[in-house]
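> So you can see what is in the structure, the chains are spelled out below.
There are 2 protein chains.
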Amino acid sequence: MVSNTPSLRVATASNPLNCAILISGSGSGMEAMLLHQQQVNCLHTTSVVISNKPDVLGIKRAESLGTPVEVVELPTNIEGSARRLAHEASIEQILHNYSVELIILSGYMRLLSPEFVTRWEGQIVNIHPSLLPDFPGAHAHRDVIAAGAKKSGCSVHYVDSGMDTGQVIAQYEVAVLPNDNETTLSAKIKQLEHKLYPMVIDAIASGDFSNLPGN
Amino acid sequence: MVSNTPSLRVATASNPLNCAILISGSGSGMEAMLLHQQQVNCLHTTSVVISNKPDVLGIKRAESLGTPVEVVELPTNIEGSARRLAHEASIEQILHNYSVELIILSGYMRLLSPEFVTRWEGQIVNIHPSLLPDFPGAHAHRDVIAAGAKKSGCSVHYVDSGMDTGQVIAQYEVAVLPNDNETTLSAKIKQLEHKLYPMVIDAIASGDFSNLPGN
Chain U
1 MVSNTPSLRV ATASNPLNCA ILISGSGSGM EAMLLHQQQV NCLHTTSVVI SNKPDVLGIK
61 RAESLGTPVE VVELPTNIEG SARRLAHEAS IEQILHNYSV ELIILSGYMR LLSPEFVTRW
121 EGQIVNIHPS LLPDFPGAHA HRDVIAAGAK KSGCSVHYVD SGMDTGQVIA QYEVAVLPND
181 NETTLSAKIK QLEHKLYPMV IDAIASGDFS NLPGN
Chain A
1 MVSNTPSLRV ATASNPLNCA ILISGSGSGM EAMLLHQQQV NCLHTTSVVI SNKPDVLGIK
61 RAESLGTPVE VVELPTNIEG SARRLAHEAS IEQILHNYSV ELIILSGYMR LLSPEFVTRW
121 EGQIVNIHPS LLPDFPGAHA HRDVIAAGAK KSGCSVHYVD SGMDTGQVIA QYEVAVLPND
181 NETTLSAKIK QLEHKLYPMV IDAIASGDFS NLPGN
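Line by line, the protein sequences are chains U and A. 1 is the number of the first residue of the first sequence in our numbering; add one for each residue after it. 1 is the number of the first residue of the second sequence in our numbering; add one for each residue after it.
Keep in mind that the hints were calculated from the coordinates and are not lab data. One thing to keep in mind: the hints can contain errors.
It does not matter which identical chain is meant; a pair holds if it fits inside one copy or across any two.
Stated by the list, open to error - Simulated crosslink set (DSS-like; lysine-lysine; CA at most 25 Å straight-line):
hint, residue 1, residue 2
1, 53, 151
2, 150, 53
3, 60, 150
4, 60, 151
5, 190, 150
6, 60, 195
7, 151, 195
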């Protein structure tokens, strides 16, 4: 059972938890979160969406929901580890400008540095399309099918410096049927992701984790 | 405020409300419902999906979630009003075979006859992509954009013999922004639909409507 994170206050509807959502692509999960937040009495809000890619669909989706978007591309004029640090410094500047309290990774396809993750410990969450600790990494559905697993699902977890290794907060599961392929499995789990992630951020904002599935 | 329907019992996790979902197309809302129902402690289940169209994506999606599908096409060898009655009689036979208690219309594109609706009064629900009673009909998003409405959303309602005229049970709303078009508006509202409809069926199954939005 996961309990509250010491780094975070308990939010209220009049003073909601201030989030940033980091994306790299289509932003369907981000869209589900923003729509959830725009309903009455939600305890969290997103003040900025940050994309590390220009021209992705997620940018248009965020704008269509009235949320500011900042594009922070990996700098091209710097080499080696300084490149990642400069990129993360730019992101961190935006997070501070917007007084962000919680970072929501939603299809963000870059691994954050241990230094960044340590500074934001307990304040970064991610969603991954498998029943972690099984099938981490960028090809979860393919790996699930290849392994012949009978069930899969999605997991929301705190982020540490590994890939999909942080503490799991909640999970939804779904059966993998004999006629499932990567496409059908991905579609089913995407729907569960859109539901689970807002529920988990509700729990983080309220400090009440008792109604989350899978823990 | 909507209260419980006299036609329906209060369900339990061990004896969940037995639903049929009627579709005509891609079945994304049906998929969201089936996934919701497959989670622990849900008070409703779907024993059969009925499609009036063959070869639609929704059929594959239902099968991929392990739910039986029956295709009931409009008969081609009967003319006039007898045609609709024969079609509905075939559907009704299936509903009885599966001991269905609640009919969930999910993108079902045929209007049901007054006789059918009367027999199932309080036991048929539909979801419509607008803030009913505004913008009923098959082109809600187009009509909302054309009217310059500042907000839209989705509504779950009991079905009567009119088109989108039954009592509204719950609604989610979303802002229509100046840069919205039919496509962006449809995408936003679709996400809200996937969330609202399972919540409403939860309420119907439990008899507790107190936490629904918009009523």
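> All the hints need checking, so say for each whether the structure fits it.
Status of the hints after comparison with the structure:
For the homomeric pair residue 53 and residue 151, neither the shortest alpha-carbon distance inside one copy (33 Å) nor that between copies (30 Å) is at most 25 Å. In this assembly of identical chains, the alpha carbons of residue 150 and residue 53 never lie at most 25 Å apart, being 35 Å within a copy and 31 Å across copies at closest. Taking the shortest Cα distances, residue 60 and residue 150 sit within 25 Å of each other only across copies (19 Å), while inside one copy they are farther apart (37 Å). For the homomeric pair residue 60 and residue 151, the shortest alpha-carbon distance between copies (18 Å) is at most 25 Å, but the shortest distance inside one copy (34 Å) is not.
Taking the shortest Cα distances, residue 190 and residue 150 sit within 25 Å of each other inside one copy (18 Å), while across copies they are farther apart (29 Å). Proximity of residue 60 and residue 195 under a CA criterion of 25 Å is satisfied in both settings, with 21 Å inside one chain copy and 22 Å between copies. When the C-alpha separation of residue 151 and residue 195 is checked against a cutoff of 25 Å, the pair qualifies both within a copy, at 18 Å, and between copies, at 23 Å.
Consistency with the previously given hints fails for numbers 1 and 2, ordered from lowest to highest.
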